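Taken in order, these protein sequences are the chains called A and B.
With the UniProt record's numbering applied, the first sequence covers 1 to 596.
With the UniProt record's numbering applied, the second sequence covers 1 to 596.
Just so you know, these hints were derived from the structure itself, not from any lab.
Nothing here was measured: the structure is a model prediction, and the numbers come from that model.
Going by beta-carbon spacing under 10 Å, a handful of chain A positions derived as facing chain B: (1) Thr164; (2) Gln167; (3) Ala173; (4) Ile194; (5) Phe195; (6) Arg346; (7) Glu422; (8) Arg430; (9) Ser486; (10) Tyr490; (11) Ala518; (12) Pro522; (13) Gly555; (14) Pro570.
Here are the computed lysine to aspartate or glutamate pairs in the DMTMM-like style, where the Cα-Cα straight-line distance is at most 20 Å: (15) A:Lys460 - A:Glu389; (16) A:Lys488 - B:Glu586; (17) A:Lys333 - B:Asp171; (18) B:Lys488 - A:Glu586; (19) B:Lys15 - B:Asp35; (20) A:Lys223 - A:Glu180; (21) B:Lys188 - B:Glu282; (22) B:Lys8 - A:Glu593; (23) B:Lys320 - A:Glu593; (24) A:Lys380 - A:Asp457; (25) B:Lys510 - A:Asp329; (26) B:Lys8 - A:Asp594; (27) A:Lys320 - B:Glu593; (28) B:Lys460 - B:Glu389; (29) A:Lys510 - B:Asp329; (30) B:Lys333 - A:Asp512; (31) A:Lys15 - A:Glu545; (32) B:Lys333 - A:Glu593; (33) B:Lys320 - A:Asp171; (34) A:Lys546 - A:Asp485; (35) A:Lys333 - B:Glu593; (36) B:Lys546 - B:Glu16; (37) B:Lys205 - B:Glu243; (38) B:Lys333 - A:Glu220; (39) B:Lys78 - B:Glu50; (40) A:Lys333 - B:Glu220.
The C-beta atom is built at its ideal place from N, Cα and C for all residues, glycine as well.
2 protein chains.
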Amino acid sequence: MSYTAPIKDMLFVMKELAGLEDIATLPGFEDANLDTAQAVLEESAKLCGEVLAPLNVEGDRNPSSWKDGVVTATPGFKDAFRQFAEGGWQGVQHPVDYEGQGLPKLIATACIEMLNASNLSFALCPLLTDGAIEALLTAGSEEQKQIYVPKLISGEWTGTMNLTEPQAGSDLALVRTRAEPQGDGSFKLFGTKIFITWGEHDMAKNIAHLVLARTPDAPEGVKGISLFIVPKFLVNEDGSLGERNDVHCVSIEHKLGIKASPTAVLQFGDHGGAIGHLIGEENRGLEYMFIMMNAARFAVGMQGVGVSDRAYQKAVAYAKDRVQSRPVDGSAKQSVAIIQHPDVRRMLSTMRGLTEASRALAYVAAAHCDIAHRHPDEAKRAGHQAIYEYLVPIVKGWSTELSIDVTSLGVQVHGGMGFIEETGAAQYYRDARILPIYEGTTAIQANDLIGRKTVRDGGKVAKSLLAGVAETIGALGAQQGAAFDSMKTYLTQGHRSLSAAVDFVVTNTKGDPNAVFAGSVPYLKLAGVVLGGWQMARALLVAAEKRAEDPSFYGAKIATAQFYAEHVLPLASAFEASIVSAKGGESVLALSEDQF
Amino acid sequence: MSYTAPIKDMLFVMKELAGLEDIATLPGFEDANLDTAQAVLEESAKLCGEVLAPLNVEGDRNPSSWKDGVVTATPGFKDAFRQFAEGGWQGVQHPVDYEGQGLPKLIATACIEMLNASNLSFALCPLLTDGAIEALLTAGSEEQKQIYVPKLISGEWTGTMNLTEPQAGSDLALVRTRAEPQGDGSFKLFGTKIFITWGEHDMAKNIAHLVLARTPDAPEGVKGISLFIVPKFLVNEDGSLGERNDVHCVSIEHKLGIKASPTAVLQFGDHGGAIGHLIGEENRGLEYMFIMMNAARFAVGMQGVGVSDRAYQKAVAYAKDRVQSRPVDGSAKQSVAIIQHPDVRRMLSTMRGLTEASRALAYVAAAHCDIAHRHPDEAKRAGHQAIYEYLVPIVKGWSTELSIDVTSLGVQVHGGMGFIEETGAAQYYRDARILPIYEGTTAIQANDLIGRKTVRDGGKVAKSLLAGVAETIGALGAQQGAAFDSMKTYLTQGHRSLSAAVDFVVTNTKGDPNAVFAGSVPYLKLAGVVLGGWQMARALLVAAEKRAEDPSFYGAKIATAQFYAEHVLPLASAFEASIVSAKGGESVLALSEDQF
Chain A
1 MSYTAPIKDM LFVMKELAGL EDIATLPGFE DANLDTAQAV LEESAKLCGE VLAPLNVEGD
61 RNPSSWKDGV VTATPGFKDA FRQFAEGGWQ GVQHPVDYEG QGLPKLIATA CIEMLNASNL
121 SFALCPLLTD GAIEALLTAG SEEQKQIYVP KLISGEWTGT MNLTEPQAGS DLALVRTRAE
181 PQGDGSFKLF GTKIFITWGE HDMAKNIAHL VLARTPDAPE GVKGISLFIV PKFLVNEDGS
241 LGERNDVHCV SIEHKLGIKA SPTAVLQFGD HGGAIGHLIG EENRGLEYMF IMMNAARFAV
301 GMQGVGVSDR AYQKAVAYAK DRVQSRPVDG SAKQSVAIIQ HPDVRRMLST MRGLTEASRA
361 LAYVAAAHCD IAHRHPDEAK RAGHQAIYEY LVPIVKGWST ELSIDVTSLG VQVHGGMGFI
421 EETGAAQYYR DARILPIYEG TTAIQANDLI GRKTVRDGGK VAKSLLAGVA ETIGALGAQQ
481 GAAFDSMKTY LTQGHRSLSA AVDFVVTNTK GDPNAVFAGS VPYLKLAGVV LGGWQMARAL
541 LVAAEKRAED PSFYGAKIAT AQFYAEHVLP LASAFEASIV SAKGGESVLA LSEDQF
Chain B
1 MSYTAPIKDM LFVMKELAGL EDIATLPGFE DANLDTAQAV LEESAKLCGE VLAPLNVEGD
61 RNPSSWKDGV VTATPGFKDA FRQFAEGGWQ GVQHPVDYEG QGLPKLIATA CIEMLNASNL
121 SFALCPLLTD GAIEALLTAG SEEQKQIYVP KLISGEWTGT MNLTEPQAGS DLALVRTRAE
181 PQGDGSFKLF GTKIFITWGE HDMAKNIAHL VLARTPDAPE GVKGISLFIV PKFLVNEDGS
241 LGERNDVHCV SIEHKLGIKA SPTAVLQFGD HGGAIGHLIG EENRGLEYMF IMMNAARFAV
301 GMQGVGVSDR AYQKAVAYAK DRVQSRPVDG SAKQSVAIIQ HPDVRRMLST MRGLTEASRA
361 LAYVAAAHCD IAHRHPDEAK RAGHQAIYEY LVPIVKGWST ELSIDVTSLG VQVHGGMGFI
421 EETGAAQYYR DARILPIYEG TTAIQANDLI GRKTVRDGGK VAKSLLAGVA ETIGALGAQQ
481 GAAFDSMKTY LTQGHRSLSA AVDFVVTNTK GDPNAVFAGS VPYLKLAGVV LGGWQMARAL
541 LVAAEKRAED PSFYGAKIAT AQFYAEHVLP LASAFEASIV SAKGGESVLA LSEDQF
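Here chain A stands alone, though its shape is the one from the complex (with noise of 0.2 Å):
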């Protein structure tokens, strides 16, 4: 059940593919260079290993639990949280100012796919209070600020988002819960939140909550929404705990998966009010919330690498462990480890390949995030920002969809043990199940993709992406090989799908956007694939240039590669008939509610 980071590949990729040695040349990043990459990734990479990997099977057999509205941790996950929080792990990528270490968000990203490979439910809490800090310091009172920040940075306390109410989900206009103003400058907070994760546990002395709810007069839908900090204990000016507030836990839910990390049904005010203050302008709630789901929404999607990281781990472990049946070339006369069979082999290396351009991909859109902080330009942070917010969709969307097909091939690889539980491959298949469903579904994500980032702007951010994609099929027609051959080949097509796709859905989009939101989900699959191919892309040439440093790194990053564009890229051309030859979404549309 262990973990090893990937050290070496996230090193390959923060240097070769998102450029470390750049965004250690902007202001403030100038200590961010490769060695200090290695030596946090390093220690990172203890922890993880050894005190959360081993924690991640304990919080499966023996969850969080409630009682008497008070939640205990999974055994292990308290001290494991003040290791964490004492390390400094919380404060990444959160700035000086406030006590955290003001890394690049490209090393920090490495970090949290570590933290979730090895435990996805303990890296959810750290997760949730990276949001806050987040929405704190864009539109928090300086007094909050002070308050708060430097406590969720330290681990003293955690914090939480509270969107969902049971009749609100997806849907955030549908939020009832209301903010009475007290005149003193407080809210008293009354409603109902659901899905809230780590919204009540043991871990750390204090809670924030960040709750979404309507003040008396607001309008109503998206535009009538207001942000509000709620602590669990009130706090005293001078930063101590105060009496505990009226939120409580009345029961956490039985779930598929991440069973440790706790989602609680928080009631807000059933004994007179939960006392909240304003964070920001009243009704500019939803945007705030944006800036805290954008990190978590990335951050779910490095959950969606890290998981599949931690299966493909498992199952090639399995793989050369487990003997059964001689090898169909007939080169040996006894039965061998199933690596050695051309199936298991294809499934391992479709897991590999899946990983690797998922977390690549991810990577590069941390640097365009790091960059769009840092840069001295301001219309070169715009540009970067724009790539960000494109791939920020992606990243989540495609990287936990691919984690659910990756953690199902874990347990195929370990045959029928892989669906008994003792075997450990069968719970990331369901922790998994998750990851494209909370922080807006994949659907949201498409939404958001074709909405937000494609349409607006007239597909031009699609488009330079684009033309990067053109760029690099231009340097791999100048290289040889069977890895070449089939790079050129399915990434022209895989751009040729893309390109046809994203003029289908600016062209379309307005005129007809029941026929561009019935291949969303395809678009948003597509832009993946391709632009994961050509991440991995980018990685064949670096390693066929590199290959006689490190033949048995550069040879296996070679081979992916090849896999990748012979067995993942060939979809491309499937997810564009679906997309844009499909007339319309026609037959998505076709059938009346009852036909069903």
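Using the hints, position chain B against chain A.
Positioned in the frame of chain A, the structure of chain B alone reads:
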């Protein structure tokens, strides 16, 4: 959590695609006309919908349990099994001579689909008993048949298949269980069998274990395996029960799904030897077991169809009920039921299309099996048998692989609620995960499809099926409209891809087996996608002709066929690329073991 058997679609497939009326002209099947089929299906639907479907969730929450060697089935199962047995449902397809109903496999297949849709765990017990009956009818002595088969058909006793041992899963050459002759014609068996489905339980008075074992002088490998019948209670000459035999359940597994179905570890001979009798001839056990396995594999394919349909029905019900978000086309100012949203439509249509296609292909296969058994012309029988045998691994492998996608989409349609176990959607996702593993993993099915079913006859059967596809494409050519246009385009492409793959397999398996087996599962899936699409095309032709008779039903058939053409069939060219164009599987096999 209810289940409504799709009798109308089942009868449509039986009549229009599988040729029930022709089956009813075969000797012995004279009564098996459409009226009979309808009456049988309606009765079966009652039992499945009213008795078995409600027990499905109970089995998940309260699995069968083990204590001191005794396994107690989930509460309610014993009584349900009594009703199942009394209704004569175990005997639907078995010979009248042994108190079966002697109906065609085609009709039995619909009953088996219902049984599995309503309760996968429950259905496994009759599924294994069917296998035991088949094996006894084929290879048992007259005495064995007389003693065992009527009791198995009546449900007084049940049957099991004992193949797997800890070191022998896919690789039966490694079976080590010993059978020592006692001089009186009986044997004493010693060994451990694992993963024995319904290997011990309290629903019937006796259990007939069919066990693979080796006699003392048997040759090594698969040619030294014999088949034995080892009853839980010894059977006296008059058929009454004697002493408890020395076969004991030492534990049952803690599994990801199908929790009501006890998966037993059986210990043979720990107290002096388990008394068994040889079935058929020594050392021919694997051959006989293959008879059971072919029947069981087909039935597991039906498990895939069944659980897919169940997940589809549940997702549709939720999507009609759950109100969330306004339509993307602005056609309503209020939030609408999520079934109105294009992406939910796409998910439901994918679930529906895959379920209908896999159902149709399986029923068509069952009809070939019926003709193979009953046609007066020997050459005809052989021809249909060959087609049936080609289709079995596809029905097994493809229907079960797609059931994972379908049940996963079922969770996704439910959003966050899908991840909560109380909702029930997650159970199908967990239950389905075993289907591509047991009774031979998808890779094992694909090896069978390549070796025995495609290469051995030089692709003759595959090409005869492709000729059928071409004929249907011709018939589509005469028709107008978007559904026909799409189906023509993508079925033609699919035909081309499958033809290319068959040629590749036939040409290269001998000379470059690794290259072919690297694409074995893609070949199986390609065959499923295209041959399933063929059935959808045939359904489209019928539906277009009859549309006026029942516009809602046939209109839905047309739309579903179009959807399948546009969203599923395009995958064919991606599979072709992976199988044929990928330069002999080079990238699959490029990495050395330690590069993983």
